[in-house]
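Asker: Each chain, letter by letter, is given below.
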Amino acid sequence: MSDEDVSAAAPPPLPPVSVVRRGRWSAGLIWLVPVVAALIGIGMVIHNWASEGPVIEISFITAEGLEAGKTQVKYKEVVIGLVDSIRLAGDNTHVVVRVNLSKDAAGFATADARYWVVRPRFGTSGVSGIGTLLSGAYIGADNGESHEVKKSFIGLERPPAVIHGSPGKRFTLLANDIGSLDIGSPVYYRRIQVGRLVSYELDRDGRQMHVDIFVDAPYDRFVTVSSRFWNASGVDLNLDAGGLKLNTQSLATVVAGGLAFATPPGPRDTAPAADNAQFTLFDDMQGAFAPPDGEPEYLQMRFEQSLRGLSVGAQVDFRGIVVGKVASVRLDYDVDKQAFPLIVGVVIYPQRFGRAGEKIAQLVPRGSDDDNARLAHLIEPMVARGLRAQARTGNLLTGQLYIALDFLPNATKIAFDPAARPVELPTTPGSFDRLQEQMTGIVEKIDKLPLEAIGRHLDSTIAQLDKALRQVNEATLPQFNATLAGAQGTLGSAQKAISTDAPLQQNLAQTLAEMQRAARSLRALTDYLGIHPESLLRGKPADPALRDAPEKDAKGNKP
Amino acid sequence: MTAAPRARELGLTGCHTCGLACAAEHARCPRCDSRLHARKPDSLARCWAFLIAALIFYIPSNVLPVMYTSMLGRGEASTILHGVVEFWKAGSWDIALLIFIASVAVPSTKFLVLAALLVSARRRSAWARLQRSRLYRFVELIGYWSMLDVVVVALVCALIQFHLLGTAEPRLGIVFFGLVVVLTMLAAMSFDPRLIWDGDEE
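Line by line, the protein sequences are chains Y and C. Note that the working numbering numbers the first sequence so that position 333 is 333, with each residue one more than the last. Note that the working numbering numbers the second sequence so that position 160 is 160, with each residue one more than the last.
One should not assume that every hint holds.
Claimed, not checked - Chain Y is faced by these chain C residues, among others (derived, beta-carbon under 7 Å):
no., residue
1, Ala49
2, Ile56
3, Arg123
4, Ala126
5, Trp127
6, Ala128
What the hints assert, rightly or not - Restricting the straight-line Cα-Cα distance to at most 20 Å, the calculated cross-link-like pairs of lysine to any residue (SDA-like) are:
no., chain 1, residue 1, chain 2, residue 2
7, C, Lys40, Y, Val33
8, Y, Lys70, C, Lys40
9, C, Lys89, Y, Gly69
10, Y, Lys70, C, Ser78
11, C, Lys40, Y, Gly69
12, Y, Lys337, C, Lys40
13, C, Lys89, Y, Leu29
14, Y, Lys70, C, Met71
Calculated from the structure, these hints are not laboratory results. The C-beta atom is built at its ideal place from N, Cα and C for all residues, glycine as well.
Isolated chain Y (complex conformation) (with noise of 0.2 Å):
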């Protein structure tokens, strides 16, 4: 190089050699600046290569809140990875997130690892997700046990109720239907949130729904074998021939529904309850605590008159126990009759008529297969004693109506078809029913009354007794006057006459005294006849000497 050459040709006075030699040395070293450059380079890249973790795509219905290269994916708050693209899908049904995951998360990509979008969630059930409101979303990621490695994966809507891993039971709930329900609704006991709703699907033929729950350790062992769950949700405004019943778990299912379990009180089989057991779904606490009822028996009822406030779920009453409800209320058209009679369906379930039931069904033959043929067995000599079905009033107030079945003694015969396909229990008007159709007759009596005719009638005696009224008071009532008047001067005089004073009165007692006497010396002379009954022909004897002084003392004392 040119300023080699230039120290080189100058004679070196100073040892030039050294100078040389530390430019050849310092010229070659120099290129360790660039070689060092280049192996941190290629050290950097190899790092970032050898720390690249698989790459998944995530399909969500939305990409609302993602961002290409910004949206992270987060497990238990740890960042996994990064949203790598953003695009549409070929349908442009939903989108595909491309996600880098970071090395040491390519366990998250594996046949059940779940993704789902973090947002804010103002749900009834609470806020969630709230910190993503000022941070953005983020992509929630959870993993399964599975080893399987996948690419692809759909992504959740909503957050898993579940994190895999939490400790806790899960269990199934058959429910009719799903009520007010809904993924992450909390489940209760006594009244402390322990579980939550994870998801719930219809069954194949749609009958049922299978409700998936999930109650956290340590409150899963109190799920026994013998628990009772129960849609705890809203309010529970129960308005039936009861009366009114109001019904809350707690202020939250009020508005977020929930779902409650318990043991019901008594003895019972307290075992915790195995991982997915499965349970019935009750509409209430009632329901569920109420002893199991078992396969139901369905009835017919032919009612003629109306049934309004009859209403399907209406108890079915005997003797005071709910043994059934009403299924069905329908209308019906007698040609015949040109009627329209109202044929109730009603539930039966054997099982609440408790050991009467166990012992009648022991009466019946267990040969015949045909479940309504025994209970046309059964039911038909109950009718011949006088079965028979009434609807009554059970609450006066709503006129609500429920079925009771009583044994009425003097029930009209009615021929029983055992053959009929349901069973037809025969009716009878109901209590309230005879009651408003005598009403009924009396009423009509009283509108045949010739209530016009009688009016007039009375209207023109009325008339009459006034004007005889009149006259009275013109003519009749003085003459009256004069009359009490003439009355009073008789009875003054009478009075006169018999006050104790006067000489009428007087001569009065001493003709009574005189009276007296005589009556006495009369009695004294048939006495004396009575004893000597010869003297009417002899007369007296002549010996009174003896005899005489006692009565001449009693006779001349008395007079």
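Place chain C on chain Y using the hints.
Answerer: Just chain C now, kept in the frame of chain Y:
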């Protein structure tokens, strides 16, 4: 071309440090005892080496994020170009332009200018010598200002520390960017502008 004699013709070497004209046979300056060279030693090789190293580091400094900012819980690591685009999109085209000039245009210009100077000096080209030496002065001048990015990142990271509300942290990219700046400055320093004129005698 010029009447003035050359230092080499007079057997003289200028001291780099104190500017004393010394006899060419001196290895060290008799006045300040610094080493004497007629030209900077290994000027072209050193310049090339630094330039290549700077070029290599320029790649990660642009690819890697230079700063991580988190505002209200939302964190984001941004590269230089990303920051430029962000500012541009946000409407602050002036700041975007400033960053772009300081971080992209200036280093790129330096690479190009230095490479051109090196190639032409190696070939002892007589082409546009005056302009080339002006270019060299220009490169020397802007070299001081190339650290703008590093200073900005250092300032921002030192000032924005509000924990949850917002934090800024430097990332590896800025180290490489600083290295690029240092290396280009070293390259510019190791280039001897007298080499531009060395082919002049013929």
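Asker: A separate judgement is required for each hint: does it hold in the structure or not?
Answerer: Structure-based check of all given hints:
1. Ala49: Hint holds; Ala49(C) Cβ to chain Y Cβ min 4 Å, cut 7 Å.
2. Ile56: Interface hint status for Ile56(C): holds (4 Å vs cutoff 7 Å).
3. Arg123: Violated - the Cβ of Arg123(C) stays beyond 7 Å from chain Y, reaching only about 12 Å at its closest.
4. Ala126: 15 Å, violated
5. Trp127: 18 Å, violated
6. Ala128: Hint on Ala128(C): violated, closest Cβ of chain Y at ~20 Å, above 7 Å.
7. Lys40(C) / Val33(Y): 18 Å, holds
8. Lys70(Y) / Lys40(C): This hinted pair is violated, its Cα atoms lying about 49 Å apart.
9. Lys89(C) / Gly69(Y): Holds, at roughly 17 Å.
10. Lys70(Y) / Ser78(C): 10 Å, holds
11. Lys40(C) / Gly69(Y): Between Lys40(C) and Gly69(Y) the Cα gap is close to 48 Å, so the pair fails against 20 Å, i.e. violated.
12. Lys337(Y) / Lys40(C): Given pair Lys337(Y), Lys40(C) is violated - Cα atoms ~129 Å apart, limit 20 Å.
13. Lys89(C) / Leu29(Y): 46 Å, violated
14. Lys70(Y) / Met71(C): 13 Å, holds
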